[in-house]
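Each residue of the sequence shown is one higher than the one before, counting from 120 in our numbering.
Only pairs whose alpha carbons sit at most 20 Å apart, straight line, appear in this in silico PhoX-like list of lysine-lysine: (1) 290 x 278; (2) 350 x 328; (3) 227 x 203; (4) 344 x 278; (5) 283 x 295; (6) 344 x 354; (7) 167 x 208; (8) 328 x 354; (9) 381 x 164; (10) 167 x 199; (11) 164 x 208; (12) 381 x 167; (13) 167 x 203; (14) 208 x 227; (15) 130 x 203; (16) 328 x 227; (17) 283 x 344; (18) 130 x 199; (19) 207 x 167; (20) 199 x 227.
I should point out that these hints are in silico values taken from the structure, not numbers from a laboratory.
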Amino acid sequence: MNDSIETLGVKHAVRIAGNGEPLLLLHGFTGSMGTWETFIDHWSKCFKIIAIDIVGHGSTIAPDDVSCFNMSHEAASIMKLLDKLNIKKPHLLGYSMGGRLALFMKTKYPEETGSLLLESSSPGLASEQDRIIRKQNDDQLADRIEAYGVENFVNEWEKVPLFKTQESLSKLDRQKIRVERLNQTANGLANSLRGMGTGVQPSLWDELKTISSHVMIVVGSLDQKFVQIGKAMSKRLPNATFHIVSNAGHAIHVEQPRIFDKIVSDDFYRSI
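Please construct the entire structure, taking both the sequences and the accompanying hints into account.
Set out below in structure tokens:
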């Protein structure tokens, strides 16, 4: 089922498939629910999949008000969306930005959410000075996106070192990722950076110790920054498992899709 559901002024594009334990899928920055397209048929055999376009992305519609794009507002909007769908205590799978959002939702709604699978994610920046610098950089990037457009931004974004390992992907896979990025809007991406960027997200490092649910952390061996973040998170979480996927960078789901598919449909499914 594909639908559009409005809560708190945000009209989220939603796709629902399958039955079983509910699993909410949260994509990364510049992504959409299309990120998970190749997995949904398989995962829906064991989960009730709820895939959404996060505010600022895909077909989700929001007012031109940055407050609608902050993490607290988006988390509350999604929880109300799930309530409208009569979905109770969903498990959360988030990639990168989506993982930060999933972790935020867990800390704010601990009893209303289940287990987490975090792919290449973080609890934010621990240092206030680091957050100030990152916010300045994100604001400048948001201004450039609005001034020069999405295609110019995507050309720049593809060269970010974080995604260098994607150069080894097939031409078809690289094109799919590029098309998904190009299908965004300048206003949506800019407001996402201003409202939900790492610089404005509160640090959740101290909250990790309060999460009693199982948290599965998945990182790529070639993404050393997030390997270290993942290890540090694992030490603070009371109930965590840690997977390092060989020969993968930041986007494990596209660089090692078969392994990622198995982690979700086998390892994660058996753990909940």
